[in-house]
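For reference, the chains in residue letters:
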Amino acid sequence: MTTKMFGAPVQRNEDPRFLTGKGRYVDDFESGAYGAAFLRSDFGHAKILEIDVAAALALDGVYGVYTHADLEGVLSEPLPLLIPNPNLFAPRTQYALAKEEVCYVGEVVAMVVAKDRYIAEDAAGMIFVDYEPLPVASDLEGASQVGAPVAHSDMDDNVNGRVAEEKGDVDGAISAATHVFEWRFEIERAAAMPMETRGVVADYDTRTESLLMYDSTQAPTGVRGGLAQLFGLDPDNVHVVAPDVGGGFGMKVIQFYPEEVMVAWASRKLGHVVKWIEDRREDFVGSNHERGQVHHVKVGADDEGHILAMDVKFINDAGAYCSYGLIIPIVTAAQMQGPYKIKNFRYEFRNIFTNKVPTSPYRGAGRPQAVYVMERVMDRVAGELGIDRTEIRRRNFIGPDEFPYEVGVMWQDGGNVVYDSGDYEKGLDVLLEALDYPAFLADQKKAREEGRLLGLGIGCYVEGTGIGPYEGALIKILNDGSVTVAIAVGTQGQGHETVFAQIVSDELGVPVDRIKIVSGDTRRLGYGVGTFASRSAVVAGNAVLKAAQTVKRKAAEVASRSLEVSVEDLVFADGRVHVEGAPDVGVPLGQLAIISNPLRYAFGKDSEEAVLLAQRAYAGSDRPLPEGTSPGLEATEFFSPKAGVFAFGTHAAVVEIDRDTCNLKILRYVVHHDCGKVINPMIVDGQVQGGVAQGIGGAFYEKFEYDEEAQLTNATFMDFLIPYATEIPTLELHHTETPSPLNPLGIKGVGEAGTIPGAAVIANAVSDALGQPVDKMPLSPLILFEMMHPSLDG
Amino acid sequence: MTGDKMRISLTVNGETREVDVEPRWLLSDVLRHELGLTGTHVGCEHGVCGCCTVLIDGGPARSCLALAVSVDGAEITTVESLAAEDGQLHPLQESFQKHHGLQCGFCTPGFLMTAMPFWENAEDMSDDELRKEISGQLCRCTGYSGILASIHGAAAVARERERSDSSRRIAEQDVDQ
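Protein chains in written order, with the working numbering: chain A, 1 to 794; chain B, 1001 to 1177.
Excised from the complex, chain A in its bound form (with noise of 0.2 Å):
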């Protein structure tokens, strides 16, 4: 097989499964589980007075009902602070089952576990909560001021954690500036709404004191390990399978959910298994959202439009707890630079709750906010100052040849950030060609002559990828040849059966779909870390390659011996291994497994064949195993990452909006993107389509209604707009490839790309269309209307 895998748009290994129906998502398993539900809030903010359980229990076919104080030991504790930070000062997780407060409306109270879940809901609404409503932190602005009500009654004021840092002197800098701006931007809520809720399938063995579950995670082996320690139990008996997962984007990496731990505990409490399918309006408002940010920003530039310094203050939304940290604050912080070199550059953050949703990582991780941020930035001193909004990124560049780049602000493992391989200028140079902007702006002339409004708008990014701590790989070459890696990272629709199997494809020889790819399961490799930003294909990936470079030595040793031939005069090609320049002298890698493992039990022509071989493989040894070997064809190797790798791009949206409707309608939507080395072009464009649609629907659609008590309104996907088809425009879509020297490979994530400057992009293109500022997000036809009607305002 002479035909290189890496780089192929090679078609996918788990398409046939998912095709057929044959995909087995978390609810797939265990039919004849009980059925768990819960119930959650009412409330944005309540002290709970008293809780009556009794109608619920008494209900035919329920046969547990629980509240806090059924709970005992570390589980009647507050859920684990995930990510610690020094400088989060006032950290509030949230309790399995509330205990005397509710801080959200959707925070679970009580769980009730039944035949199935038609009567566990009905008994759930049998329980009856008294409620003391308390004041509510409803808006993210408003609860970060002082003298605001408190999300969490324990509190003084809303503010868990703060960071600054300072590069250079930005006091310095604004004051010799020639031009100083002051904007503010504001950034609504979002969240993942991936197709298939959360769930949880619980198997407690009562008799091995061994529980198997599967869980819709991206992150199966934090989740074993935490509750190995929860249930005091060796980690060998404690396994969680993330099976097929329908998207996660983010929201499915908390560890922990309140349902995650309830439903291992109710299965063992109960001896049964136990089964819990989050319905779509508990996903509104008991899955994670993120982005809200409200930025203050002080620009200070020259007259040619170089950025000399900025200053910025923001505010996150935590919502109502943060077992997240200060994760999201902190990559906005660190990510806002972007492709530009600004000399001097602070920002101070103040991490705020209000009485919502928890945030955490969702596609993009706080960066659209730093994209949005930058690029609105960019476009409006362009503006300011008559320059043109493509010369102004050029002129504020990191240039191609100052990598490796130091940022000089922290990133979120608690290094410095540092760019390894970018040449930004080069990437805007083929957007631009790909776009042809002199004709854009011919047609926009044209346009505006005809009094239609046409727009255009640009987004540039630096994306951190592929961070540590590390992933591994478990490979095995089977006895018919066929090939097994096991990986811990989960799968939530990456096509990392497809990817990782081109990778050993290439070093062993065997074709992709005799590769099979066993992904998130801890019984299979109990090391990992999970599936989150953007770092699977780059730290897996590489864990993948180097477990296939040992497999393959062991393979050329035990080939070695049986054909009587040095390992470096041996080629792996077609599923065998041969002698070079004599392709008929060679074995099978089926029979090289067996003649590895030298028992004498295996079916077919194959087994009789390698047992000869064995023989003469082991002649000359003292020993079945020579010293130093080990049986079978296999090895686990781990990967870690010195530092992230930074992907880049810009995207380029032309619109137009509708003088009567206020519709916004996405002319073109041109992407140039830069992830280094590329294992599979189709996966690849796969992943920046699908991430720009969610970019567009955060950017225009999807919008939380939150009313003053912090009730969610619109928690249905009737009043909440996800895009279908009719919205989404079809990308086009430009690579280049500038490796990054971090990894063997050369790769960078891709996953988070496309929604990154989605809003950004959106933003600068109605700005450019209506001629006016656009400074929050998201927008809406009612928002454009107001733009062009500000007389009919108020």
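Quick caveat, the hints were computed from the structure, so don't treat them as lab data. Beta carbons are placed, not taken as given, at the ideal position from N, Cα and C, and that holds for glycine. Check each hint, because a few of them may be wrong.
[To be verified] Sample of chain B residues at the chain A side, in silico, Cβ under 8 Å:
| no. | residue |
| --- | --- |
| 1 | G1036 |
| 2 | C1044 |
| 3 | A1084 |
| 4 | E1085 |
| 5 | L1089 |
| 6 | Q1093 |
| 7 | C1104 |
| 8 | T1108 |
| 9 | I1134 |
| 10 | Y1144 |
| 11 | L1148 |
Using the hints provided, position chain B relative to the given structure of chain A.
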């Protein structure tokens, strides 16, 4: 409220099945949990996302909005019926694989069942027409372009398959002679 069951008869993927169901059970739940056909997925249970789309008497319908008792006697077609018994994918399925029309796969059965009645005519549809045809289905992964290409290209996959089948037949005849 619970416990009292009614016997209904459904012809599912060509096979008649008698099932005892509670009057409030959704068709989606009965297909998934009583008949074990877990290829039909439930994404919102309020009829907006379209993941649960099946064919009821030949037409696409939301199985999460239908009570099982309300379709007593009906003919139900689910995604499990599309591929041939030997595992060969339906041309529409093959086209989804070819054009990367799926990522996580959760919404996919709904898109397939929605497109089943019209896929053979899809290549003559304009982009706008095709988008409208599938505008009752949500996908959160793909951004739809792969799905559009898949449905648009399914007829070509079928033609290509027919061509290679007939050329194989001719080749076999030649050998026979």
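ask   = Does E1085 (chain B) pass the interface hint, meaning its C-beta sits closer than 8 Å to a C-beta of chain A?
value = violated (11 Å)
key: Interface hint outcome for L1148 (chain B) [beta carbon to chain A under 8 Å]   = holds (7 Å)
Minimum beta-carbon distance criterion (8 Å), L1089 (chain B) to chain A = holds (6 Å)
ask   = Measuring from the C-beta of C1044 (chain B) to each C-beta in chain A, is the shortest one below 8 Å?
value = holds (4 Å)
ask   = Can the hint on Q1093 (chain B) be confirmed by a CB-to-CB distance to chain A that is less than 8 Å?
value = With a closest approach of 4 Å, the Q1093 (chain B) hint holds.
ask   = Against chain A, is G1036 (chain B) within 8 Å by beta-carbon distance?
value = holds (7 Å)
inquiry  = A1084 (chain B) was flagged as interface toward chain A. Is the shortest Cβ-Cβ separation under 8 Å?
reply    = Since chain A brings no Cβ nearer than about 10 Å to A1084 (chain B), farther than 8 Å, the hint is violated.
message = Checking hints one by one. Is Y1144 (chain B) an interface residue toward chain A, by the C-beta closer than 8 Å rule?
response = holds (4 Å)
ask   = Can T1108 (chain B) be said to touch chain A, with a Cβ gap under 8 Å?
value = With Cβ-Cβ at 5 Å, under 8 Å, it holds.
ask   = At a threshold of 8 Å, is the proposed contact between C1104 (chain B) and chain A supported by beta-carbon distances?
value = It holds, given that the least Cβ distance between C1104 (chain B) and chain A is near 3 Å, below 8 Å.
query = Once the shortest beta carbon distance from I1134 (chain B) to chain A is found, is it less than 8 Å?
reply = holds (5 Å)
Consistency with the previously given hints fails for numbers 3 and 4, ordered from lowest to highest.
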